[in-house]
Amino acid sequence: MSESECLKFTDKTFKKEVLESNLPVFVDFWGSWCPPCKMVEPMMGELANHFDGKIKVGKLNVDQNPQTGSMFSIGGVPTFILFKNGQVLERIIGARSKKQLVEFIENALKSQTSKTSKQPKSQGVERSA
Amino acid sequence: MHNDKCTCWNCPAIDLAGKVDFRACGQSVKQFDKSLDSTQETHIMAECKRRPELGLYDPTAITFQECPEWQETTFGYMLKDMRVMILGIDGYLGWTLALWLGLLGCKVSGVDNYNRRNWVKERGAHTIVPIDRMNERLRAAKEVLGIDIDFRQIDIYTQRQRLKEFIEEVKPESIVHYAENPSPAFSMIDVEHAIEVQKNNVLGTLALLFTMRDTIPETSLLKLGTMGEYGTPLTGRPLFEGIFPADAILQWDGREWSLGGELTPRDPVSFYHVSKVQDTFNVYEACKYWWLRSYDIMQGVIFGVHTDQVAADPRLRTRLDIDEWFGTIINRFVAQAVIGIPLTLYGLGKQIRGFIALRDAMECMTRLICAPPEPGQYAVVNQISGIYSARQLAYTVAKVGKDCFNLPVQIQRVENPRVEADEHPFEAIYEKLPKRYGFEPKVTVEDEITRMFELFLTAEVKKRIEERKQVIMPKTWWSGVKREVERLELMDLKGEIEEDERIRMFKVHR
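Residue numbers (the working numbering), protein chains in the order written: chain A, 28 to 156; chain B, 52 to 561.
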């Protein structure tokens, strides 16, 4: 599968494809029942193309894959987490535009030394589970 | 096929009860170890009600294309003998869809409380296309089309237990909810009528949602909304399909937020429209609380008389109303043209709306029945096939009447009894049905208007229009005034249709 596509992660594949990935991985934790998730969904492929070869982009359905969602304490969806070397580099909750997600990823990659999750000034839509 | 990649996750035959913890998202009852072991099986499992021999299996593993229960049809893969229950089956849309689906091989059941017949009768109106009592209609469906329809007379609000028992008996895999009062003007007559509409629509839908939660949570609900819920914002902001896309941005105070996933603003224009907006929220919440799955179908103004099924025999015809309360604009225009009443434009007549022909609406509904939403998904589609102003439609009816039937049709402007903008921008997003569900309109406005003229000019229908011509001109004012509207102008038809009157269609492609 080309890395320019949005990948689909599961509990079974998450460790290998995300945590052990050589590239940073941007993961959209989402739910079928979540309207913001559905609206973000079409942009994930566009993000994969935008960052083609630099990062992997994929999504994980939290209802179908409860172990991973629980492990990363997903408290609302969509939650976006950027992983690098098996670690959480940065995370945000709530729908974002493509432009905002691109900026989020680029900024996170630039400031890799920061391991703590910072909330950006602009909070997006948040849907609790 | 538009739905070939859907999986059992979408399928109403899936049994997820007790097998999927939808609150796994941070609120899970079960806490998993803080480790990921690829050998440990944590993926969800489910059972199939149609294929129990599968046992527990991964509901994302089998697609509609692969499942023998889903069979190819013109409108997508469809469950074999799919059980579809139509609420409001005696109505204009309900009866038409029952015959349409029956001929496609669905097992159709339906309920009705005959409210529509009673409301129309109360107003002193009648359907201009005669329809039989339900027993006769059912008999004709069997005799002419070979369709067995399982019908019960039930009020979904006041007879909730009976509805529940019927649902438990039939176990519908899709429910189409048409059992609502569709009339803005009826809801504005007086307080009693406003209450009647809101009680019937809002409480009926609310009762249905609870019943579905308790009996058939995996069944998809197709609930009819209306494009009128959105109103007509004078800024010209597009009328999105119910929910903002993620790249819709709210800017304020030097900051910005994505509106993605939030319901778009509603601006109802009658107490009927308010009831539909309330329905929207009730369905939205039920999906969120109970993981019901629903399409909220924002249908444009419906028009026409034809499907192959209802035209197969006079006894199979669906009702057709032309009065000020239940007659939609194109249907009313054609009836006026047939008996020589100038077509009535309200105010400037530059109101713009989305429209769809009866036959095309049936296809849209079928395509959506074939592609059930995912668990908990509240999905919205704008169900229209063309966007026209009232003037454009009046011109078109006049032209067809004159050119094809030699009728001297006139157009008049009358006072607008409604509180609405007579002139406004209008851009409706119409993206999902054509792009996601493979729908292409088959019926042009001109063709359907022609069919309507042909039917309305038959002796019996023309006589029935004449008999009730006094209920066509509006007397229901939003202000509460009780008097018939007065003519403002008899319009000159000699000129060409102005530039902005040309029939146009907005589509948004990305």
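Rather than coming from a laboratory, the hints here were simulated on the basis of the structure. Note that the structure is a prediction, hence the values are computed from the model and not measured. Backbone N, C-alpha and C fix where the C-beta goes; we use that ideal spot for every residue, glycine too. A portion of the hints provided could be inaccurate.
[Stated by the list, open to error] Just so you have them, the derived chain A footprint on chain B, three or more residues with Cβ under 8 Å:
hint : segment
1    : 130-142
2    : 336-348
[Stated by the list, open to error] When the alpha-carbon atoms are kept at most 16 Å apart in a straight line, the in silico EDC-like pairs for lysine to aspartate or glutamate are as follows:
hint : chain 1 : residue 1 : chain 2 : residue 2
3    : A       : 111       : A       : 44
4    : A       : 125       : B       : 55
5    : A       : 126       : B       : 307
6    : B       : 483       : A       : 68
7    : B       : 450       : B       : 505
8    : A       : 126       : B       : 201
9    : B       : 215       : B       : 199
Here is what the structure says about each hint:
Coverage of the segment 130-142 of chain B by chain A is violated. Counting CB-CB distances below 8 Å, 0 residues qualify, and the rule asks for three or more. Against chain A, the segment 336-348 of chain B contributes 3 residues with a C-beta closer than 8 Å to a partner C-beta. That satisfies the three-residue criterion, and the hint holds. A distance of roughly 12 Å separates the Cα atoms of residue 111 of chain A and residue 44 of chain A; the hinted pair therefore holds under the 16 Å criterion. Taking the CA atoms of residue 125 of chain A and residue 55 of chain B, the gap is about 28 Å. The hint is violated against a cut of 16 Å.
Annotation: proposed proximity of residue 126 of chain A to residue 307 of chain B holds, straight-line Cα distance about 11 Å (limit 16 Å). With a C-alpha separation of about 14 Å, the suggested pair residue 483 of chain B and residue 68 of chain A falls inside the 16 Å cut-off, and the hint holds. Simply put, residue 450 of chain B and residue 505 of chain B have alpha-carbon atoms about 15 Å apart, close enough for the 16 Å limit, and the pair holds. Taking the CA atoms of residue 126 of chain A and residue 201 of chain B, the gap is near 53 Å; set against the 16 Å cutoff, the hint is violated.
A C-alpha spacing of about 21 Å is found between residue 215 of chain B and residue 199 of chain B, which places the hinted pair above 16 Å, so the restraint is violated.
Against the hints set out earlier in the document, violations occur for numbers 1, 4, 8, 9.
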